[in-house]
Structure formats: structure tokens, C-alpha cells
Amino acid sequence: MSVNTQDKHATAREPVAGSPPGGRPGRGASPRGRGPRWTWRTAQSVKGASLTFPFLAGFTLFVLVPVGMALRESVYATKSTGGLGFGGQTVSFVGLDNFAAGLADGNFWAGMLRVFLYALVVVPVTQVLSLAMALLLDAARRRTAAGFRIALLLPYMVPGIVATMVWIFQYSPTVGPLTPFFEALGLDLNFFSSSMVWVSMGNLAVWGALGFTMLILYGSLQSVPHEIFEAARLDGASELRIAWSIKVPFVRGSLVLTSLLSIIGTLQLFDQPLLFRAVTPETITRDFTPAMMIYDQAFKVGNLNYATALSVILAVVVGVASAIIYRFTNREDS
Amino acid sequence: MIRTRARWATAGLAVTALTSLSACSAGDAPATGSEGDAAGPATIEVWGWNAETGKQIAEAFNEAQDDVTVEYVLQASNTATQTNFQNAMEAGSGVPCLVQGFAPLTTMVVNGWAQDISEQVEASADLYNEGALAAAQVDGRYFGLPSGSDGQFYIVNQKTFDKYDVEVPATWDEFVEAGRELKKHGVDVTNLAGEDPSILMNLAQQAGAEWFAIDGDQWVVNFTDEHTLAAADVIQPLIDEDLVSNQTYMDKPALLEYFDSGKMASTTTQWWSLTGYQTGFPDSAGDWSAHPIPQFSDAAEPVTPGRTLPSFVPEGCENPEAAVAFSDWLTTPEAIEAGRNKETGAVGFPVQIPDASPYVEEVVPKDFFVDDKVAGEEIVAAQERVIGKFELGPNYDAWFPELQDQWGKAVAGEITLAEALEAVQAFVVSDLDAKGISYTVAE
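Each protein sequence line maps, in turn, to chains A and B.
First residue of the first sequence: 1, per our numbering; consecutive thereafter.
First residue of the second sequence: 1, per our numbering; consecutive thereafter.
These are computed hints drawn from the structure, not numbers from a lab.
There may be inaccurate statements among the hints.
Claimed, not checked - Listed next, the stretches of chain A that the computed footprint assigns to chain B, with coverage defined by at least 3 CB atoms under 8 angstroms from CB atoms of chain B:
# : region
1 : 275-282
2 : 300-306
What the hints assert, rightly or not - Computed list of lysine to any residue pairs in SDA-like fashion (alpha-carbon distance at most 20 angstroms, straight line):
#  : chain 1 : residue 1 : chain 2 : residue 2
3  : B       : K252      : A       : T179
4  : B       : K366      : B       : P354
5  : B       : K263      : A       : T174
6  : B       : K252      : A       : K300
7  : A       : K300      : B       : K163
8  : A       : K79       : B       : S273
9  : B       : K373      : B       : D397
10 : A       : K79       : B       : Q218
11 : A       : K79       : B       : Q86
12 : A       : K300      : B       : N84
13 : A       : K300      : B       : L309
14 : B       : K252      : A       : L178
15 : B       : K159      : B       : K252
16 : A       : K300      : B       : D431
17 : B       : K263      : A       : P173
18 : A       : K300      : B       : T83
19 : A       : K79       : B       : K159
20 : B       : K252      : A       : T174
21 : A       : K79       : B       : A434
22 : B       : K163      : B       : K184
23 : A       : K300      : B       : A426
24 : B       : K183      : B       : T83
25 : A       : K79       : B       : S438
Beta carbons: idealized from backbone N, C-alpha and C, even for Gly.
Okay, chain A solo, but in the shape it has when bound:
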């Protein structure tokens, strides 16, 4: 960073009125020049920076350009030219109208509230269970841990849609194994019912995210210096005390990261309710979550402009939520 700043200053000093671009040959070689345009140092930093080119190109093409296009899309409105709708469409600039409509859209914010409440339960449950798993693995022998690590990561490798299908068959009140299992325990549960749909989806979400979160926390635990444990043991601390007072504070940074990822993922809840919609259509409507509503607006209603504006609003909400949590947890840290 400091190298770049220096170079920028050097370049800023350099321009001389009327001088050809690139400067005169040999000028950079003169130690007494008014500041070399192309020094060894600049060459090195350009070389170094060039290593980021593949990333930057991809980032620009697949992130910046689509974001730019999306922002452009969101300030226009597409309407039919009237009549039966057979005469084509006109596109007009509407400024921030789509955003104003989105901010006032009760269905969109109701969906937002739903996923927010869902996140309040699912995110902590995922974090606590993952942490517990990571601590157990950390306490286990290395070989045992390796086996469990892979087994626990397997759900994460299953694509979301496939996982949802698998669980729908597990939940099936008619042919699934869970209904008779809970009946044997004296519980009459219908995972397809309206009242159980959040539990059904939440369980699926936790199952899917557990392995990944656990792996990050476990990795973080591996970096805790073992001398501290030995010192604690010498002082007579139990394993539980060591876990609570030493290990957990050490992985706090990782916990913040996994919580953020979890929140971002949960607020964008999409594929699970989309499939569960068939199971409880009276509960899961077309605009049940913000992401479902965006999809519905873009690809069903056909209002791409509004869908894009809603996407931007959701992105801002997720960004703000992440920033608040990040700041909050960081302050606690200090």
C-alpha cells in the first residue's frame, strides 16, 4: 500500500508540459532527474499488481458490470404501448420510483420480517451446534476427528435443491421414516403442516450449514497454542473450563465471520421455501421471502426493473445488518 502511494506521488510530480507521453528515453536512468517515471521499484509494483489482473478482470466482468447494469435497470420502467399488449413495450426513465415503491411494499417487508425472525433462531442454533461439534472434535483424537470432519461436511456438499428434496421425502407423513419414528416416541408430528414448516426448513438449514461452520471453527481451534492448555491444566482447570474460558474466546473472530455468512445466507432464503411451497401452499406464498419475491417479480410477473430495485434494497439491508453485527461484536472484543 505504501509503495503504491509513493509511486502515485512520483507520477503526480512527473508530468511536464509538452513532454511526450512516456518521457524521453534514458530519462528514468538519470539519478539526477526530477523523479524517474519508470524505476525498478515501479516496475516491480506493476509486476506485482499484474498478478491481480485475472481476479480484477473476473471481478469487473462478473461483479462490477452486472451491478452497474442492475442499477441502471432499476431506474427504468417497462410498460406496454397500450391496447391488448400486442404492440410492444416502451421503456421510460422513472428515477427512484421503483425504490420508493419497494420501500413502501408491505409484502416485501413482511417477507423481510419473516426471514429476520427465522434468522434470529436459525443463526444462533447453527453457531452453537457447530461450536459444540468443533470443540468435541478438538477434544477427540486426531484420526477420529478426521473421520467425523468429513462425515459432518457431507451435507454441505449436497446442493440446496437436492438436500431439500431429500428432506421432503424424509418428512413425508405417508412414506417418510420420521413420522413413524416420532410416533414411536409418542409425538404426532406432521412436518408438512403449516405450523411445522419453519421447523422443517430450519432443521434442513442447520443440517446443511453445520459442517461448513464447524470446519472453520475447528480450523481456528487448531491455531490456539497448546502451551496455554497445558498451563491451564497445571492450574487445575477442567476440560470444560478450558473450552469455555480459553478456546471459545480464541475462536470469537471466526464465530463473527461464520455468523455473518450465516446471516447473509439466511436473509436470502430462497430454494427451501420454493420447494416447500408445494407442500404447504397456503402458508408459503409467492412472496414469502424477499428473494422469492424478487424471483417472482423478475421471472413471473416480468417486472425486471422493480425486481432489480428490490434486489438492491435487499443488498443494502443485508449489508447494513452485517455492518451492525460486525461493529457490535468488534466493540465487545475491545
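Assemble the complex: chain A is given as a structure, and chain B must be docked to it using the hints.
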């Protein structure tokens, strides 16, 4: 500094993840779609997702005549066809000359995708049945190729009906009565999946409803006319009196097991579902009998509901004659034979031709019906009586999910079907307003 950067990175990630969800656009740029000159045969591309026999049919067509060469471009699915087609229209190049219908015809017209081929189709109209011709029209003009609708008929588990001495219903009123009788024995007369309002659409179509009609330069929207409410009146007691089950199609193993158990006595269906029943109903195979779909008591003549998504010739195709010639050839015995599946040995049932009876034996599964001959006759009769046309208006993709939502609530008993239909109509009206399309709501 790091914290700021991380925050921006997080926000950036979020924006990316979300905006890419909708970074897609549709367009209506026409382009050329056929090649060829006066001397040689015209070459046209045909897009569809018939993986089994699409290519072999095209090859047979190319061998059968010298005027047109068809290149069959196999698409992965209905959705893939739509995506690729929209991209081709947007790019303005590589637009095919015939596309298998992936959405209702009026949607194709509204989007500027389908071209008016009335002149070409009218010349060969006698090759097709009335339902197929009706389905290919929007506002009296042919924007689609005549495409057969799958006529609905009614199958009952005869063993269950006989066991409880219940008459097979001929009218929808009798159907509800049969439901009440069967319920006494713990049997459901049929299944209403909460996510699938098609039975409501079918009954409305059969009753003579017109949810969308064209009056000059505007649409007439009418989801609550007497015909639609007559359809709702059939279904409402089934829900209120708990005469039906509500198994979802998503949980197919459970659905098939339930159908096969004898606890569900009957269902409306169409020819292409039969093979699935044959494999999915191992226990009840041989117990089922086919009947005409129940009629409304006041019907002037028996009619069969059935809809289709017609194939169409895209705007920009310069040789619509070639596409229609291929479509016409598909009605010939030679073409139907060319469509025989080499693995299963079955031909596709030619639902678009006036008399499909010579082929019906091929689609009646073995050992499923009590009487195969009667089943065959019912399938043919259903095709002959099929209405074919049910106008779904200029914004079907927008309102159908709303109908699903409202239907789901009605089936769960949260609202009545009449309320559900009013809610759908209100949605249709607000969506047409938003889209700037002219309409009036029927009185």
C-alpha cells in the same frame, strides 16, 4: 481500515449475490431464421426438448421430401428452450423457425415472439381437429401451429366403487354425491393437490367460462362469471365436507402409494399419464376403468376440458411456409410411424389430427384397465370433444402463481373458492394496470 474494507467487502458480496439474481433481460429484436435460396431446399431450425424422437422425426421428414431441410436442435428442457430462445431474440441472430411451445400462446404474442401465420395455416386447416385449430389462435388469427390438446377423461377404481356399491358419476353433481357415499367408508373421491389449481381451470373451461376475452382494443377480464362459479360450486363442497385428500405432487412416492391403495377412488386424467400409472400402481393395476369426464348437468353437449401450449413460428423467421409444411407433415401416418420410440416401441398419440383412433391401442397400457377396448374408446372420444382453447390473457405468468396461492388457501379451507377467484381477479387487474395493458372487468 481493515474493518472498513471488510465492511465494504461484505456489502459488495451481498450486492453481487442479489443483483446477479435478476441480471437478465428479455427483448424482442427479430432476426432471420432460415437459410436457403430459390434453387435449393430451405433449411430451418426446429427447437424442442423431445430427446427421444425429435431428431429421428426430422430425419424422416428430410428424407420424405426435397423442399425443406429441418435441423432439430435438442433443448435440455422447457425452461432451457425459453432461456435460449429469449437470448437468440435478444441477440437478433440464430432465431429458429419453429419452437415447441414453452408458454401460453398469448404470452408469445404479447412478447412479440410469435408471428401471424394465418395465411399458411388456413391453407391446410383440414388436416387438424377443431380443438387443435382453436388452440392455435389469438384474437381470431393463427399465431401458433395447430397443436392438439390432451382431452381429459375420468378413471375410477372400479373395485372400490363396486365394493361400496357406488355408481360411477356422469355429472359433477353426481360426482359430489359419490364423494359423500365413499366418505362413509373412509375413501376419498379424488385428490386436490394444494399447489395445483388445474382442476379448477379445467372445470371452468368445461363450464364455458372465459377468464379473458378480447373486445376490440381491450381485454375483458372475468374470473367470477356464472360458469366459473359453477365450477367452484363443484369443488367447494368437496373441500368443506372433507371428501378429498390433499396430497402434494412434490412427494410423489406418497402420492402414488395413496392412489394405489384404493383409498382414492377416482381422478381425471389424460393419455400421457397412463404409462406412469401402470408402473406406479402395482397393486391396483387391473382395477381401473375409463369413463367420460363428468359433465355439468345443464351442458348442451358433452365437452372435454384440455389445453395446450402450441408450437409457434418466431418473428424473424423468413420462411414460415417451411415451418408449416413440417407441421403439416407431422399429421401423416408416415410421420407418426417415424416418431415410434425405438426403446419402448410406442408412438406418440397424434392429438392434433381429426381421427386418432388408429393409434389409441398403442397408448392404452397393458393390464391396467378392466377393459382396454372401452378405455381406448374413451381416450378417442375425449380427443374428439376437447375444447382446446382457454384464453389465459396477456399476463398468465404473472397471475398463475397468484391462482396457486389463492387455491392453496382455499383447499386448506382458509378462504372460499369464490373469495380466491375474486382475489386473483384483483391481482390480474392491478398487474394489467402496472403493465399498461387496456382492460375492462366484466359486469
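Query raised in the report: Does B:D431 lie within 20 angstroms of A:K300 when you go C-alpha to C-alpha?
Result: holds, 11 angstroms
Query raised in the report: Under the criterion that the straight-line Cα-Cα distance not exceed 20 angstroms, is the pair A:K300, B:A426 satisfied?
Result: holds, 17 angstroms
Query raised in the report: Does A:K79 pair with B:A434 here, judged by a C-alpha cut-off of 20 angstroms?
Result: Roughly 7 angstroms between the alpha carbons, so the hint for A:K79 and B:A434 holds.
Query raised in the report: Has the given pair, B:K159 with B:K252, been kept, meaning a C-alpha gap of at most 20 angstroms?
Result: violated, 23 angstroms
Query raised in the report: Between B:K263 and A:T174, does the CA-CA distance stay at or below 20 angstroms?
Result: holds, 13 angstroms
Requested in this report: For the pair we were handed, B:K263 and A:P173, check the Cα-Cα distance against 20 angstroms.
Outcome: holds, 16 angstroms
Query raised in the report: Is the hinted pair A:K300 and B:T83 satisfied, with a Cα-Cα distance of at most 20 angstroms?
Result: Roughly 13 angstroms separates the two Cα atoms, so the pair holds.
Report task. Verify the proposed pairing of B:K163 with B:K184, using a straight-line Cα cut of 20 angstroms. Result -> Holds: B:K163 and B:K184 sit about 13 angstroms apart, inside 20 angstroms.
Requested in this report: Would you mind confirming whether the straight-line C-alpha gap from B:K366 to B:P354 stays at or under 20 angstroms?
Outcome: violated, 25 angstroms
Query raised in the report: Between B:K252 and A:L178, does the CA-CA distance stay at or below 20 angstroms?
Result: At roughly 17 angstroms apart (the allowed maximum being 20 angstroms), A:L178 and B:K252 satisfy the hint.
Query raised in the report: Does the alpha-carbon distance linking B:K252 and A:K300 stay inside the 20 angstroms limit?
Result: Outside the cut-off at roughly 25 angstroms; violated.
Requested in this report: Go check the region 300-306 of chain A versus chain B for me, would you? Three or more residues, Cβ under 8 angstroms, otherwise it fails.
Outcome: Held - the region 300-306 of chain A has 5 residues with a Cβ nearer than 8 angstroms to chain B, which meets the minimum of three.
Of the hints listed earlier, those the structure fails to meet are numbers 4, 6, 7, 8, 9, 15, 19 and 24, in rising order.
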